[in-house]
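Trainee: Chain by chain, the residues:
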Amino acid sequence: MIKLAWLIPLFPALGVVINGFFGSRYTRDKAGHIAALMAGLSFLVVLGIAFEMIFGSGGKHTIHLWDWISAGKFSVSVAFLIDPLSTIMLLVVSGVGFLVHVYSVGYLHGDPGYPRFFTYLNLFMLSMFLLVLGDNYLLMFVGWEGVGLCSYLLIGFWYEKQSASDAGKKAFIVNRIGDAGFLLGMFMIWVLTGSLTYLEVFHVAPNITEAGATAIGLLLFIGAAGKSAQIPLYVWLPDAMEGPTPVSALIHAATMVTAGVYMVARTSPIYVMGPGALEVIALVGAVTAIFAASIGLVQNDIKRVLAYSTVSQLGFMFMALGVGAFGAGIFHLMTHAFFKGLLFLGSGSVIHALHHAPEDQQQDMRYMGGLRSKMPITYWTFVIGAVAIAGVPPLAGFWSKDEILANAFFTGHHFVWVLGSVAALMTAFYMFRLIFMTFHGEMRVDHHAREYIHESPYSMTVPLMILAVLSVVGGIIPGFPPEGGWIHTFLAPSLAKGSAGGHAANEAVQFVRVSAKSGGGHGGPAAVILIILAIAIAVGGIALAWFMYLKNTAVPDGLASRFPGLHRLLLNKYYIDEIYQACIVKPIYRLMGSLWSFDANVVDGSVNGSSLITLVSSRFSGIFDLKTVDGAVNGVASVTKFFSQVFKFIQSGMVQNYLFVMLLGVFMMLSAYLFR
Amino acid sequence: MELLFFYLFAAGIIGASLLVVTRSNVIHAALLLVLTFFFMSGVFVLAGAEFLAVVQVLLYAGGIMVLYLFSIMLMNAEVSVRLRQFHRQSFFTIVVSLILAAEIWWKVLGGGAAYPAFKGFSWTLGTTPGNVEALGSILYTKYLFPFEVASILLLAAMIGAIVLAKRTIDR
Amino acid sequence: MVPLSHYLALGAVVFVIGAAGVLMRRNAIIILMSIELMLNAVNITLVGFSRQWGDLTGQVLAIFVITVAAAEAAVGLAILISLNRDRSVLNVDEVNLLKW
Amino acid sequence: MPLVIPDISLSIAAPEVGLAILICVVVVADLFTSMENKAGMGILSLAGVAILGLIVLFQWGGGVRTTFSGFYIADNFSSFVKMVVVVTTAFTILLSLQYAKMEKINYGEFYVMILFAVFGMLVMASGNDLISIYLGLETMSISSYVLVSFIRHDPLSREAGLKYFLMGAFTSGILLYGIALTYGLTGATSLTEIAKALSGLQGAAIIADPVMVFSLILFVAGFGFKLALVPFHMWLPDAYTGAPTSITAFMSVAVKMATLAAVIRVFFIAFPALAGKWNLLLWLLTVFTMVWGNVAAIAQTNLKRMLAYSSIAHAGYIMLGIVTTTKIVGGKVVFTPDGISAVLFYLVAYMVTNLGAFGMLIYLCREDFRGDNIEDWRGIGQDHPWAGMAFVVFFLSLGGFPPTAGFVGKLFLFGTAIQNEYYWLAVIGILASAVSIYYYFRVVMVMYMEPRGESQPAIEFSKAPSIFVALLVLVLATIYLGLFPGSIIAAAKSSVAGLL
Amino acid sequence: MENYLLTLITFIPLAGAVIVMLFFKKEQTVAIKSFATAVTIVDFLLSIPLWTRFDTSEAGFQFVQKVSWIPTIGVSYFVGVDGISVLLVLLTTITMIVSTVCSFSAIVDREKEYYVCLLLMSTGMLGTFMAVDIFLFYVFFEITLVPMYFLIGIWGGSRKLYAAIKFFLYTLFGSVLMLLGILALYFVNLKLGTGTPTFDLTELYAVGPKIPIGLQSWIFLAFFVGFAIKVPMFPFHTWLPDAHVEAPTAGSVILAGILLKMGTYGFVRFVLPLLPQASQLFVPFMVLLSIIGIIYGALVAMAQTDVKKLVAYSSVSHLGFVMLGVFALNQQGVLGGQLQMINHGISTGALFLLVGIIYERRHTRQISDFGGLSTQVPIYSTIFAVTMLSSIGLPGLNGFVGEFLILVGAFKASYVYAAFAVIGIVLGAAYMLWLFQRMFFGTLDNPENQKLTDCNTREILYLLPMVVLMFWIGLYPRPFLARMEVSVGKVVKMVNVAAAPQNNKAASLPVELRSRLKAKNF
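Residue numbers (numbering that gives the first Met the number 0), protein chains in the order written: chain A, 0 to 675; chain B, 0 to 170; chain C, 0 to 99; chain D, 0 to 499; chain E, 0 to 521.
Since the hints were made in silico from the structure, they are not lab data. These figures come from a predicted structure and were not determined experimentally. Be careful, since some hints might not be right.
Said to hold, decoys possible - Okay, the calculated bits of chain C under chain B, using three or more residues with CB under 8 Å as the criterion: (1) 0 to 12; (2) 59 to 67.
Said to hold, decoys possible - With beta-carbon atoms standing in for the labels, derived distance ranges: (3) E:Ile378 with A:Arg449: 23 to 33 Å; (4) E:Ile459 with A:Ile587: 33 to 43 Å; (5) A:Val554 with E:Ile378: 55 to 65 Å; (6) C:Lys98 with D:Met101: 49 to 59 Å; (7) E:Asp368 with A:Val417: 49 to 59 Å; (8) E:Pro208 with D:Val332: 47 to 57 Å; (9) B:His27 with C:Arg86: 16 to 26 Å; (10) E:Val66 with D:Trp59: 27 to 37 Å; (11) A:Leu565 with E:Ile378: 46 to 56 Å; (12) B:Ala10 with D:Phe31: 54 to 64 Å.
Where a beta carbon is used, it is the ideal one built from N, C-alpha and C, also for glycine.
Could you put together the complete structure from these sequences and hints?
Mentor: Pasting the structure below:
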């Protein structure tokens, strides 16, 4: 079955071709079905491969298709690598992808750009598969840029809206900045290891110097930060909400943003050699987590809240990678894909229900409330997702998030652990704030839009339910004994041993595993306290949200009035966008404008006709009726024109002037000789 | 003795030529030019070139100056006597020509280191075989080619002058 | 015995006077005469050198100079006459239709 | 004093003798022809010139022979120069057959004067003595004064003639004074004896003597005037504009060629010892000429005057060839023969191109309409593609553009410049020639890209077959020389071999 | 070894031009157009054996024909094609077909002269790429100027006269100085080398390294000026926007597609192998200029309001990349530069065709006049999107392969170069996307835009080969790279064989990295 891996990208490619060329004319409304069918087929192939990998032999298989570029010693081929890490990623991508396809068939029904949307969606799946399946960095980069392009197209799907196309452009350019870092990282890898294929690179990795590994790590992390929206380059994700909700669900929750995490995990052997890079990643992850979570507290737009929650959860994943727990990072990636996908699709069905409300109120929570009775399925699936993300024990979120925090604590990153815990608290708080504002309390929806609110059709609610089941089951089955669960053993061969934090981490991890294995009890005093603390944080967050938004709704306004500065700061997202606009985008515009005028007048001018010379010659020409001196005449040319006028008018027409000049010539020559 | 005659003739030449250049009346200038030529023939005799002296007087003074006088009459050029005679740029000309003369005089003629030793001629005035015979012989033997070219030159000048000066050309 | 330098000096002076005449005077005929003067100055120098070297090349050249002078005079006066046909006064610096 | 009869063999001087006979025949024949078919004189003289060409061709390769006791030398170099002069004359006569009738100067004497000028040039080409060179120069000058002022009814032509005459007479005086001083110092007028005198034991004193320097300067002034090098070029634009166009063409090529032959003989055979001095002098003159000629041409609106300035510039390029032939190796002067062959080839290319350019002017002008202003050429490229194409080829060649003769010529010239390390001169020269492209292509731009003004009279070229044939041959020659210059180069190289 | 193929390819367009001039009257426009297209198609068919029968293992010249032309000075009509020039020749023939077809509707007056100029252009360009004798190269290099001058001057836009003469003079000044360089080489070969006068490149290759560094630098500067103006590199680029904006569509396609390549081709063919020490000496200077070109070109492109000027400045930026690749002086860089020449020819050529199509319909090039076109003209906007993505170097399309190799080469030369060059990639994405957004996204408010008709079959016909090539080179560049690999290897070996006195990696890597690099010594 593994040998058929090349089928996975082929199906979406087929979908793209069909919908792309015949979309507008023939497969008008059936485009959605075709696209979903293709996604489903590739999902089946993935299941087959996963089945063979999990229960079969496992290990690493490379399928070579054709060699792509070769220039001297640099040669790269198009080949796929199937190993545990890529299998997990394939499962997540194709699974969530298939569900989103089904969901968007219903969601986008009747939209004029219907075939175009599904072409882009299939193109996105194709690029994501290339990214995950590629056996070398270059093919990953191809997928990487392809995904960036699709996010540009999908965010800017409703291109009539100026804000949508601006958001798309912003996303692509910020990604491109990240890609620049990725490119430099790739070159360094090639220069230091002589190849770009993973197996060869990791084979040579041990004898890379620490400085080299750190440099590569940091450069690659810039790429990851650009793609997975970490601190400096996260600004595009919140704006990406301009795109349709399934897009946000698929791209900005489950798959694309996780590419960065996958890349760091994949290059773990190099990162291990450069611990400095890991420290940076851990710190950035933690800071991003708490920073995004804090913004999420006060946002009123339902999708913005989820967007900042994604950024903060990604912060968690990078925190896991930073502390060396690559397995935990991937595990959280998987669980996050489930419940964040669920939450986004849930919010999508809410917005879908409110589409009769005025444009700006459709996504604003202040004009929602009391939808619980109207949309029971959405409500309950939404609650499961929220509970999972908050980290309440039985559900998926608890296992993966707790593991990250535990690893952070035991590997000595106490500051990171503190930040993580506070972020977890905030996560629980804003998730349940969202639920109480949208589903509970009295109905604040616009009057005439109220009668249109109804439960979404089955094509939308079925994926919600599936994801809800996955959110519940997805955490406990693979990861029950923390650190010892099935997922860790499965992923171990393709991830480097997390040696971060030196020997202490291993000992602590062993300790936890030992305690877990002893009959599922929570042995070991430190681990037990940690788990209890985590649960307390989750429940505390929920209670706080319950108290402020259900019990007496005056409290949030009171708080806002008492700390007006802090509230406005958070509401305006720390004015980050304005800062970027002021200190990066504006100067570029000014530079651009000045360079253009510099080019038009000075470079062109100095070569063409510097103002001084033309001025002189034009005034001079007034006297000698210069015919064609215009400002743009070539500088050298205007000098020559100036002298040509001078020479022309020396020819006075009087013979004796000529004779005099001749005599003068003789005289000059004579005196030059005699007195030299 | 010889030197005395030389200074006399030189003074004559320089005086007359200065006058030629400065006189406003064209006819006076022409006549003064004839006077110059006479003094020149004197110098030539002193230098042992008797034939040349005679040719100077006969050909130059007689032939060319007559031509000038005819053309002056033809163009009744004396009407221009009253007009400003000197060219506007004459001031610069005087300055430059004086400096040029000084320069030649001091640097060029002062040198003379490279001049050959004096040899002079064997013949004396009036004796045969004198200057004329020697001149005649080499003119038709050694310098035959330039002689022929000179004749063609004169022919060309003649035809050219006729073509330009004739009032109307009918034939 | 007249030293060579005297001849050369005389020749040079007359040459310069002729040249100055050409440049200063406005009347075309006077200019022609000045050119004659220059040529004669050259004759003097030639004769001086011929006397010094003791061979007749100088004098032969002088004769040719005279023929050339005659030819030039003829052509020059012809041009002046053809110019004079429609313009009575013959000042050289009025003749400047061709310029710039 | 015994009469020594020198050996005189007229066969060596056959071209000059033949020409003299031809002149007499034409003068006599002119008496019997009526006013209408004066063109017959043209055809007669054309036939004569053709015969003359055959004679010169026959003389080619006969080794170095002198006659008339050293005054006349006939070697490959002189035959090459004479060949160029003869071909130029043939084309001039061909071009002026119709032109003369149109300008109403259709007298027999017109062709006679041309032949006299040719006679002068042939004498200069094979003059081995300062006197014969001077006399040849004077014959050429006298006849060209007459030719320039030949259009009796046109004030411009008379004025041009006067200016040319006055300048010419003044300069011949200067040249004569130079010759006198040289004779005075070296005691001889034959080029070879002068060289011997200068190189001999006493020579060092003569070279150091300021009188020699003064005479050298006078020589440079005299020849500079004829070649129109910068300080002495002022007469050229007025003379060329005023003169009849076919004469301008004739003068711009033939006079330059003959004077150049004289310059090469005088400076390379007579004054090699002084090379150190005149090399620097000519270097300066070349730079001024190239720059002044090209730059002044930009501002011109009259096409004929522009071509005049461009011929000054080309004189500059030619002098560049002369200057870069001399290579000062540690004080001693070494002549590289390639330089002179490059100059000769360049002149052949220049002849073909310049005659063509002036021929085009003649091709356009009619009784009432002179095609002299650049504006008159507006819109010609559109409805007369072939005429436009011909002019583009000529301009390409003048500017030194690859497929044409001008390019190969310039290539050789700058080649020798670089070979003898005259880098700066080469750079200035090549930039000046690049500037020249600007004003050549301004005319092309007017021809092709500006529409015909309403006020301007319709374009119709003169119907005379002679002009059409001449132009066709010239265009083909320009391209042929550009593509296959091999034969002419070989001829130029062999002609120089005999010289130095 | 007489092989008449190359001579046929070069001179068929010339023959075509002469036939059109002689036998077709001005009115028979349809006959002229079809005849011209037929000539270009025949030319293309003839050039296909160059691709199929090209022996990829042979580094030297193939299909060689040598006939002595001016024996006295050692000039011979010596044409040959090797890895470096074979693809450029093919690009020329394809572009000629496309530009002939695309000017059917664009040119309405004086068609006869137009197609004659076009065919003359073709001969000039083909000759330049095939010439192995430097004299022949220079002759063809200059011949291409005249037809392009007429193309811009007669059929150009509003300021056509000024643009035409500016283009002509700029390139001429450069090539004239280059002539001095050639002559210097010629005479140095006489002194140092074989002593027999020759312009033959293969013999001059031997003499190149032996020239003393001082003279070699002067010759380098002469060649540099000649080719840098043609490329164009930073200070000399001001003619490009004018020439592009004023040239007719076909003119700017040829100008961008092929004429600019002569500059970079010149560097790879002549400057690198002939003047190795000087090239190594000037690497920092050249790289600095190309990086400035990249960033400066991109930034100024962003400020443009005229589409064609924007694309022109983008060419400055792209060719800055090519020059960076060439002067990385290693196999990856030069090969990347060489491939990027082809890619730039295709993508920028296609861009100009597209701009031409929209210009024919709307007669305006101001970006502000367009908006929301993708709803009105979907096919046109998809082709435009693909071309734009290829030009900003999206992986999977041709731009990426070339750019990636260049950056790899540059990084290997020194990581500082690559760091700045990468900025160019980001800026590239920025101005292209901004253009795409302003033209195609947004609302379709302008009434004229609503009347726009989509591409007709003819237009799609001549855009199709370009798009197919973009995908082909993007997905499977193997055949292209294989053909260029060996010849480029030879050039790189020639440049590096004479190691310059001081190491050319001016920028210093961190010490361990440097040592690590040394260990890997590749």
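Trainee: Compare the structure with each hint and give your call.
Mentor: Hints and how they fare:
| no. | hint | result |
| --- | --- | --- |
| 1 | 0 to 12 | holds (count 11) |
| 2 | 59 to 67 | holds (count 7) |
| 3 | E:Ile378 with A:Arg449: 23 to 33 Å | violated (45 Å) |
| 4 | E:Ile459 with A:Ile587: 33 to 43 Å | holds (37 Å) |
| 5 | A:Val554 with E:Ile378: 55 to 65 Å | holds (58 Å) |
| 6 | C:Lys98 with D:Met101: 49 to 59 Å | violated (26 Å) |
| 7 | E:Asp368 with A:Val417: 49 to 59 Å | holds (58 Å) |
| 8 | E:Pro208 with D:Val332: 47 to 57 Å | violated (34 Å) |
| 9 | B:His27 with C:Arg86: 16 to 26 Å | holds (23 Å) |
| 10 | E:Val66 with D:Trp59: 27 to 37 Å | holds (29 Å) |
| 11 | A:Leu565 with E:Ile378: 46 to 56 Å | holds (54 Å) |
| 12 | B:Ala10 with D:Phe31: 54 to 64 Å | holds (57 Å) |
Hints 3, 6, 8, counting from the list given before, are not met by this structure.
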